[in-house]
Each structure stands twice: as structure tokens, then as C-alpha cells.
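**Student:** Take a look at the letters that make up each chain.
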Amino acid sequence: MKYLFFYKKYGLLRFLSNHETMRMIERILRRTGMNLKMTEGFHQRLKLSFGQALPTGIIDKAGLFLISTDEEIGEKFISQINSLSPHGFEVYRICKVSEKFELGRSIKGYVFSLIFLEEPKTSEDWKFEKYGKIWKTSFFVAFNSSSPRINAYGQYLTLRESVVFKETFNGESARCG
Amino acid sequence: MNNKKHPSVLKSLVGILDKVEKPSRYIGNEYNSVKKDAPFSVCLVFPDLYDVGMSHFGVKILYDIVNDLDFAKCERSYLPWPDMQKEMQNRSIPLYSYESYTPLDQFDVVGFTLQYEMSYTNVLRALRLANIPIRSAQRGEESPIIIAGGPCTFNPAPIEDFIDAFLIGDGEEGIVEMLEAIRSGNDRADKLRKLSNIEGVYVPSLNKQVRKRVVRNLKRSWAPTRQILPYTEIVHDRAVVEIMRGCTNGCRFCQAGMIYRPVRERSTGEILDISFETIKQTGYEELSLLSLSSADHSQIREIVSSLREIPYTSLSIPSTRANSLTVEIAKAVESVRKSGITIAPEAGTQRLRNVINKGISEEDILSAAKLAVDNGWRRIKLYFMIGLPTETDEDVRSIGNLIDRIKRLGFYDLSATIGVFVPKPHTPFQFESQIMPDEAVRKFKLLNWTNRFAKLNFTDPHKALIEGVLSRGGRELSYAIEEAEKRDLIFADWDEFFNAQRWMDLFEEYSVDIDHIMGKKRFKDEFPWDFIDSGISKGFLWAEYLKALRGDLTIDCRNGCTGCGVCPNFGIENVIYGVRE
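In the order they appear, the protein sequences are chains B and D. Residue numbering for the first sequence follows this note's numbering, starting at 34 and increasing by one per position. Residue numbering for the second sequence follows this note's numbering, starting at 5 and increasing by one per position.
Where hints are given, some of them may not hold.
No farther apart than 35 Å at their CA atoms in a straight line, the calculated lysine-lysine pairs in the DSBU-like style are these [stated by the list, open to error]: (1) K166(B) with K23(D); (2) K284(D) with K80(B); (3) K80(B) with K26(D); (4) K154(B) with K26(D); (5) K163(B) with K15(D); (6) K26(D) with K94(B); (7) K141(B) with K26(D); (8) K154(B) with K467(D); (9) K94(B) with K467(D); (10) K94(B) with K385(D); (11) K525(D) with K467(D); (12) K467(D) with K385(D); (13) K166(B) with K15(D); (14) K199(B) with K41(B); (15) K35(B) with K133(B); (16) K133(B) with K23(D); (17) K525(D) with K80(B); (18) K411(D) with K490(D); (19) K15(D) with K160(B); (20) K525(D) with K335(D); (21) K94(B) with K15(D).
Take a look, some chain D residues computed to stay more than 10 Å from chain B by CB distance [unchecked claim]: (22) K374; (23) D397; (24) D509; (25) I518.
None of these hints come from the bench; they were simulated from the model. Just so you know, even glycine gets a beta-carbon here, dropped at the ideal spot from N, CA and C.
The shape of chain D in the complex, shown without the other chains (with noise of 0.2 Å):
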């Protein structure tokens, strides 16, 4: 694409932000954001608000990236609110880049990050006011090439239609050499050949078999330091440092820690350096500690207590588990002390959370929740769910009793969360169903007594639903998506646009297989997501469903190898830098 600004977008658009709400989000020129003149151009767009885009980390990684290619410039763009749209439609002014106010069209390669199913049909929205053609087979050789990142693209099948080629698994490596494929292609065919010959590369229409593809370790130069600071205040508004990518704990219920295998920590050393260069380069007054369950990080101890030296800044820690090691760490936390403790049992009883291998028992949670009374705090946040598989009246009755139990510890003010446990792909728990909404109304209710002494919150069943039907389903549901967003069913994970009954009537009219999609499965069932390959043999995460349901327990994998495949598989190890106290 040619390189000069695109002054029509930027002066169109100067005449409607003073009618939108919170105009900032939508002016780009952030600081630290990359304007350069380079041949090839991408756009990764978030499809979500800006506020919740801006907060994800994995864009600031490929962002910094692309950037750093010769060739190659990367710019930004997040799906504007209903009332932007609207302006946008009136004026005809295209979706466009925050950096150089480019339409979305005129770049080379626009990639999406699918970090939740519920955003699917922001994707497609963004497409239409970007003027690209939904579905992949319109497009044509003026278009730019499709491309998607992210956890959903471990079941690709709903939305494999608009899509021309998923990355699978890490992409720091896997983007570069994508963008070498589109370069060096001669036409759209030629380019999605090349795409086809990448490892982790899933092109629907090339691609049979895909393996996801796997970084050894985080390298240095990957660690965004000049990250973006936005004017308006976005959902995590901090310097983000990633300490540590999968998890070893083995819960089996956890997506996140099933895909993202093996576990690859960054070394003490490699934090302080990145944590103190991206406080300078960005004036942040907090650093956030980004990895899936920080409290397992084998150096914890040292990382917070150095962090803590870096003068007015506080520290933040998203995930923790629940253990005595989560108090202490969590006294050098400012957000914690300010917003109270949060501890997930995930279940009420035992057997349950041996059941899901969450590997914390009664006494942790307790003396957990003790530890954070003796040290001042009252207030403390709890996350459950129901519907886990084997899962009894009595253990939904039981959520209540160690809410019970956790709140005469001495908190004044207890708050739990109540989820509906959706089945994910590529985790043990993908053979079992996911309960329905009225199943999950009628256990609510066995929980209402709690409602005295602690503020539930209970998720709406419903979009449980939703979003399962969505992270299970396979290539029959592209209609059913492509018709929601005509019917503006977007910004679905938000309350005020989620609408059950117009979801379950559009999954009515396009005769989605609730009940198959939903249902239990054998294992010689097939999956629409068991060509990706993520490195974890269907046979393990069988056994470990079996073991699941005689409540058999897993070991964490830092403590010897449980088997799942993942390092034989890509000849890679856990990168852990010591024991863990």
C-alpha cells in the first residue's frame, strides 16, 4: 500500500467526535504508538471497545514485533461503540488505523485476536465497517489477507468462513513468518499456499491437520517496554510485564492451562530489567504482573520484593491461587490492599474440587482467608461455579457453607461469584455437558440462603449457553453468526447489549444443535476442533476425565511429568528457574 496519511478519515472524523461519548478512545496518536513508513502494512485489531482492547497484552507483543521488522509497520484499530458507529455510518467513514488513520481495507494484512467466542460477531461488524467482504471466498485481490490469533482459534470451525488463516498457539514467532508468506505471495492463491506451509498455520481451505505452534522460551526482545498509554481510562490501565506463559497446576476444567502448555517462566533477572524499563518508558504508576497463576512463578518471593523497591509505583497481580504464599504475596500488592483479597475454590466440597484437580484443599482456603483477617483485611472476593461435572445438590448447598465458614473468619464484607462452568475444547472436560440455564436457575436457588451474610453475583446462565454453543460448535454455525451480527446482536459479553431470547431464537431459525453441540461425548466421538492439534493427545485428556470422575487426583507437573504429551511432542521442556517453596 502506498504510504501517505489519509487526511479525509481524520477531518470527517473530527466533526463527530464532539457527539460521541468519551471522544478519546477513538483518536489514536497515543503516546508511544508506532507511526513509520514501511512496504507492507498491518492492522491487528482487538474486536472490542477500545477500553477493553487496549488492556490485552498479546497485541502490545506482536504490535512491538511488526514494528520492529524492517519491512513491515503495524498499526491499531478496536471496534467503536454503537454511538461511534452510527456517526461513522452517517459520515461514510470507514473502520481506520489509530495510527496513520488508514481505512482498514488498504492494508496489506488485518489480524484479529479472538480472546472470548462472544466477540465473533464484533468481528464480523468491524469487517463491514471496514468495507471487507465477510465471508473469505468474496474476497478478492484488492482485500487484504484475514488473519486470527488468539485462544478461540483451538476450535476455528464457527467462524473458519471468515477467516483466511488462523495462527495457533504463540505468535511471536509464527507472525513474522506469515507476513513473509503474504509479501513474497504473487496473488491471494499464492499467498494462502504459503500461509498453508507454516507451522501453527490453519488455512480452512489448504489445512487438514494443524499443530499448534510453540515458542521454547520468552525471549527478551519480545517483552513490550514502550507499551501505549491510552488518554482515556481503559479496563487495566498499567505497565504489564508477563513473568510466566501456561500453567502446570492441571486444572481440569482450565482451557488456559491445557493450551498454553508447557510452562515457560522468565527469569528474575529478565523481569526486574523489563519491569524498570517499561516504568520508564511509559510514567505508569502500577505494574501489573501478567501469567495465568503468578503465585506459581518458582522466584515469586524475590520479583515481588525487588518490585517493590521501584519508588511509587504499585504492584498488581491478576491470578493468584489460594495458599499462605497468596497472603504474603499479596501484602506487597497495592491493588490488593486496596480492593480486598480474591480467592477462587471453585467449588464447594473436596471430592468436587478433586473432581476439577484444583489442587487446593479445605484447610488452604481457610487458613488462606484466616492468614488475610490476621493481616487486616475484611474485605474478600470469592469465585465458584456450578455445573461441574459429577456435581450434586449437596455441592452446590456447600458453596454456601464455606462462604459461611470463610465470612466468620472476621470479613465484613464478603462478595462471591457464581459462574456456569462451560465445557471448553482441548481440556478433560470436553467430553461432558454443560448444564442448561433452567438447571442453573434451579441451583441458584439452592445457594439464596447465602444472600444474608454475602453479596452473590450470579453470571447469567444464558450467556453460559451462548458461549459454549459458540466455543463447541463447528462450521454450521457461520450462518447462525453471520445473521446475529445483521441483527446486531454485538458487543455480546457487554449487559447492556446481550439479549438471550434473540440469541435463542436466531439459534432456533438456523436449527443449531443445541442439545448435540452441548451434550455428553465418548471418546470416539468426533470433535469439530480435533484436527488442531495442541500437543495434549485426545487419550490423555480422556484419562484424565475418567480420573475426574472417580475424583482421582493429577500431580502438578512441576512435580514430575504427568504424561499429557506436550514436550515429547514439540522436543521442549518446562522452563522453570527453581523449586518452588
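Looking at chain B on its own, in the form it has when it is part of the complex (with noise of 0.2 Å):
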């Protein structure tokens, strides 16, 4: 059976490089003591997908990852996978997808944010709102495009906001849920 996660990451972790974020993953995973997957070869690991590779800085409430497991998953899942995690990572949502089920395949792009604490000067076509004291803007990124470097512009804050999911692939939903 497959499984998608959905996570964010905040606070202190947004300072994790994205290998730093994976080894993170697996080995809650793995304190989980469920019954996951293994990679076929001599050095077995986790059979594990990840969502796009997320800069170090950014905070992320779009992460994704994908598992196999012969073991059913409920909800009460969440709980206890965010009890054995460290604070600043908590996954929110867990679905069973199809086996044909893709990460890489499925996703059509993310929506990031950027959060100014001055008015922004950028010769990007951007539309701001103001709320109080900050100005934020989001912005639609194509899957495997790059993401928005965290001093590029002035921004205080970048997140990456959500994830947008192809309508179908090979004639599945990527919907979940």
C-alpha cells in the first residue's frame, strides 16, 4: 500500500538543507518501528519519495513524501508519528494513493509566498497586499522550476505555501483523500 504525506516544517528547521530534511524523515520513520519497504541491494534504506527539493531557509507547508508499507495507516497515525518528531516538523495529513501512484509524476507545481517587513522594490510583476505592518505576495512555481532564493529580493520570510496536483496522470487522479 502507498501513503502520501503531507508536512510542514517551520520555526528552526526551515534552516535544514533538503538532505538534512530527508535523513530527518527516515529516521522518524524508522522510530515509528512500522514496517516499511526496503530498497532491493546490499545497503537497504527506506523506499521513500520526496516532493521537490526545497532550499535551505524556506519554510515549508507543502512538504511531501510517499511510502510503501504493508501495514494499514489510520489517522492516529499523525499523532504518533508527530510525538517521535523533533519541534518544527509536523505532518498533517496522511492518504492512501493508488499503486501506480507517482510524487514526481503528479505534481503540476507549488505556490510560494514571500513576506516583506518594508514596502517591496522589485521590478517583478508581482501583486502585494498589505496586511498591518507586512506585505506578502504568491506566486504560482512550476514543478522542477527553481524556487525563489531566500535574500534574492529583500523578503524577510519565504514560504512555500501549498502544492498543486495535475488533474490525472496515466488516467489516475493525483487527487487524494
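Join these two chains into a complex; the hints should help.
**Tutor:** In C-alpha cells, the structure reads:
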């Protein structure tokens, strides 16, 4: 059975590199004691796939990973996995997907937001909204195009807000839950 | 201290982490780190980069022991890399703890672990970044009590002006007594007085003679199983179980083999129990069996074969001796399967191996290497030293011959590390001189021909000399060490920061008598560390030294007492669970 996990990574954990995030998640999964599928071969690792890599420094509200297991996973697994995680990492949704589901082929892109503490001066064609003392802009970035850099626009924070799935791939619906 | 969080540090921290390399090594908040409130606080500092310090096992033991106390909490800190130090200084961020982001000067106790002498200047830099006065004499009632432990404390003299109290020897019981003493003291002077009455504690202004602290056996409850998981990739990123402390081989060059006596094995059942629990608590994919010489554990076969049963968990063993068992164990050990086998012949001739009492023969080495080839290894790493007592040019050239013979057994990749021997305090070779860098370079050249078929790594002979001076010197070194930190000679163990010339200039300016410190000594000569009693008498070390010069062997003390004095002195014994095959 394949399960798609949605997670948030915030606070100090935004300073984790993509590689560090993957290793952290792998160890969290190992701590759950869940019977996960392993890769073939001599040096066995968890069979795990992730959404698009995120540069260090970005707050992630749209993290994704996919596992294969022969165990049935229910809602209460969310609280179990979160109790075995460091503060700043939180799984908020798990859904069962079909065996044919592949992460890389079902994501259309992500919505990113930039938060500014001063009125932004940029040549980009972005619409800004003002909330109290902050300015915010959001935009769509297609899958496998580069994520906004943290120091590129003078923004205070960068967030990956949400994932946008393709309508279908291989005739399968990418929607879950 | 009060227990409120320190949002000021955390807030300024967030502003600079985007600017430094590998920010995750500074964020703390790791899984299994302990956040607790307690009336009394300790911060343990490993005076090196997080990546190194987090790999160290001793801190893990003490961290859990202190955090299990009702009245105390233990936090951690490390020395930030220079890019981070600069950012912290620019924003006036003091050195902080990794649990509550509390500035170090607000702790009741700050403890340093001294694992290698080259970290002394790092200790001073950590104190400076923490705004704690560098010298003990400058500290007032407001300053934390600065304590230190680790193997370097067996010669505390060079840094005793900076440390309020040393704990020499096993720390498990002593640390608790120290914290109780500090907590109950009325003022700084009273705290130090109370500390000076504890077995194994050296308070420089108060104690004249100190005997090391020793624990009878390794208690199950002392084994840390909730080991902290770093985010960044550290040097040894794996679960660790200490299977044995001490070593019975009696190699005459080895300080650890002398100061950690007697040997204390853990039982197989306990090792399995600790291992399963640690893997469960951490999710680690690799388990390391820690000891000075793991193949010497009397139950090692059984231990290794049982631990292989833990699913999807590979085993690693940091150090083993060259014998047939080594290969047998190596077969079960994933890290060795991947990276190749390691053997430490130490010297090139049997005569010299007998001098250093390395209890292995040429046949042991060659048959272990042959067995490794027969089992499919094609890569091998070898360790040798030059500058050993009585060494001739012939001994040095023979290193090349031995490398040649091993290579011909069928390895396609052979690398050999050739280090310069540093005669350490509390070993039989403390009476011996260390070779100077010019002589070391001359000896290295005798091995150049070996380069044709092996990768040779020569360690820096100047670094070895500075290490020798810092490990053998006395209290007079404190001014040179203090100045070294001011001149930025920190992270001295890191090649990119090591500058031999600047150290040599410094020693010259401060009139450090290198020839005297590093020269040959006789029995009657006084050492700066004579007042530290490791349990081994100076007479035994001298007798071992004379035996070494004659090339006489001393047996492994598992097979009969060699009379070093540790067991009767402390009323203890080797803890061994069976006869080693």
C-alpha cells in the first residue's frame, strides 16, 4: 500500500538543507517501528520518495513524501509520528494513494509566498497585499523550476504555501483523501 | 538561575543563520535533547565544532546522568565555526546553550571535556564568546564554576589557571557529587572547598595530590539510550553502545590503555538490551560498538552475531587489533565491508613492536591481511608511527617492506598513515623524548619509495610537536596558550587553521623551553603531572620503560596480573565475563 504524507516544516527547522530534511524524516519513520518497504540490494534503505527539493531557509507548508508498506495506516498514525518528531516538523495529513501513484509525475507546481517588512521594491510583476505592517505576495512556480532564493528580493521570509497537483496522470487521479 | 527562555538570543540568531555555512549545526532543538526546568543548571561544552563534539560519547553519558537528577538540568554547547563566531560577535550574541538558548554565563556550572590538547585554545575562545573571565582568579560570585574532565586532565598543569575544578578519571559518580557540592556551597570559596574534598577532583588552589576517580563497573543506568539526533551530518552519525572501558593489552605508547584501567566489560545481555533500546529511541540505521579494542571483549563473537539480527541496522567497530578474529568480526560489520579493513601494526619490525609491547606478531598481521584478501577485501588501511623509542633507520625502512608484503597479498588499494609518536604523560614512554620535526621529515623520506605502490599520509610533524608541548608542559604554558587564543590559533586540529610557524614564534616569544619539555627524563626527574595519581605507580612505568629498551614483553593482564597497581590501589578488579578465545 502506498501512502502520501503532507508535512509542515517551520521555526528553526527551516534551516535544514534538503538532504538533512530527508534524513530526519527517514529516522522519524524508523522510530515509529512501522514495517516499511526497503530498497533492494546490499545497502538497504527505506523506500521513500519526496516532493521537489527545497532550498535551505524556506518555511515549508507543502512538504510531501511517499512510502510503501504492508501495514494499514489510519488517522491516529499522525499523532504517533508527530510525537516522535522534533519541534518544527509536523505531519498534518496522510492519504492512501493507488499503487501506480508517483510523486514526480503528479505535481504541477507549488505556490510560494514572500513576506516583506518594508515596502517591496522589485521589478517583478507581483501583486502585493498589505497586512498591518507587512507586505505579502504569492505566486505559482511550476514543478522542477527553481524556488525563489531567500536573499533575492529583500524579503524577510519565504514560504512554500501549497502544492498543486495535476488533474490526472496515467489516467489516475492525483487527488487523494 | 531562573528558568525563563531567552528569546533575545533566539531572535537575533534567526537573523544570522541565513548567512552562515550549515546553519543547522547551530539551531539546537534536536530530537531527544532534554528541555527541563530545574533550580540548578549545567552546560557541557565540547570545545570544537558541533560536527565533532556531537560525535563524542562521554558528553552523552553525563548529559543523561545530570538530566536524571531532580535538582539539575544539563544543556550543551559547542564552539561555532569562525564564520558564525564573526556573525555572533557583530550582533553581540553570546555563546548559548542548545536547549534553552541561554547565554553560558548564566549557568551555575560550565563543564568542558578535554579530549585532545589542541583544543585548549578553543576552550578559551568559548569562555571569551560567553563573556566569562578567562582566568579562574578573575571570576567572581556571578561567574559560573568552570569544570573540566577528559583524558587531558591527567596533566592539568598547562590549563589549570583557567579551570576552577577538574574531574580526573571516570565521570559518572564524580559529576553528581560535584554538582551537589557546588549547589550546597555558600559562596565561590566555599564551593571550591567542598569540591576539593571529592575523590578525583583537583581544585588548583586547594589540592596538592589527587587520585583519579574510578567506577567499579559500568552500570546499566549509565548507558545513554535516548541519544540526541543531529540534523547536520556529523563525524560519527550513529548510535553508540560502550561495550567495554579500559584495555588490558598494555601497549607502552598508549595513554588511554594506562589511564582507563582496569578493564570493565559490559555483559552480552546488557549490550544487546542497550543496543535495541538505543536503536528504538533514535531510529539510527547504524550501531557502533565503542571500546578501546573491541575484538578484546571476551564475548565479542556472541555480541556481534546477536546484533546482526537487528533488522536494517548495520554495525560498526571503531578499532580492533590485527588477528584472525579481526577479520571474522569485520565480515559482520557493514562499515568495514564498505570502506575496507584497518590494521595498525604501529611499527615496521618485530623488534620495535616488542619495544612498544604491541602484542601482535608479523604472522598475525600478515595472516589477518591474507584472510581479508581471501574474504574479498581489496582495500586496506594501515597505521604506523615513527619516532618510537630505540627506532633505527632500518626500523623505518621496514615499514615500507611490510607495506610491500601486505600489498602483494592482493590488495589493489593500500593507504598507510604514518604519524609522529608523541610520548604522553602516565605512560612508560613519558621518560622518552619526542623527535623534532626535522628528524621526522628525514625519516619520512626513508619511506618515499613506498609511494610507488601505496598511498602514504604523513601527519604534520610540527603539529605533533605542538601537541607534545601542550600535553607534557607545565603551568608556565598558560600565558602562551592565552596568547595563542588571542592570535586566533584556534581549531588547531583543523588543517585549514593550523599554522606551525605562528605557534613556533609564540613559543619562542614566551620562552617555552621545548628541549626541556620534550627531552628524555630519568626516574628521579619531576613531571608536571606527578601529583596526579592514575593508580599506576611511577616505579611500574619506569620498569616498563626499561623493559621496553631491552625489548622484553609484558603480558596482557587478562592472562595474569602485571603489577601496575591499579586494582589493589582502588580495591577493584578487571570485570571480564569469560576467557577470550
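**Student:** Next, verify each hint and record whether it holds.
**Tutor:** Now the hints, each set against the structure:
no. : hint                 : verdict
1   : K166(B) with K23(D)  : 25 Å, holds
2   : K284(D) with K80(B)  : 19 Å, holds
3   : K80(B) with K26(D)   : 27 Å, holds
4   : K154(B) with K26(D)  : 29 Å, holds
5   : K163(B) with K15(D)  : 24 Å, holds
6   : K26(D) with K94(B)   : 22 Å, holds
7   : K141(B) with K26(D)  : 30 Å, holds
8   : K154(B) with K467(D) : 53 Å, violated
9   : K94(B) with K467(D)  : 49 Å, violated
10  : K94(B) with K385(D)  : 47 Å, violated
11  : K525(D) with K467(D) : 22 Å, holds
12  : K467(D) with K385(D) : 22 Å, holds
13  : K166(B) with K15(D)  : 18 Å, holds
14  : K199(B) with K41(B)  : 21 Å, holds
15  : K35(B) with K133(B)  : 9 Å, holds
16  : K133(B) with K23(D)  : 42 Å, violated
17  : K525(D) with K80(B)  : 61 Å, violated
18  : K411(D) with K490(D) : 47 Å, violated
19  : K15(D) with K160(B)  : 29 Å, holds
20  : K525(D) with K335(D) : 45 Å, violated
21  : K94(B) with K15(D)   : 22 Å, holds
22  : K374                 : 24 Å, holds
23  : D397                 : 45 Å, holds
24  : D509                 : 39 Å, holds
25  : I518                 : 44 Å, holds
Violated hints, in rising order: 8, 9, 10, 16, 17, 18, 20; the structure is consistent with all others.
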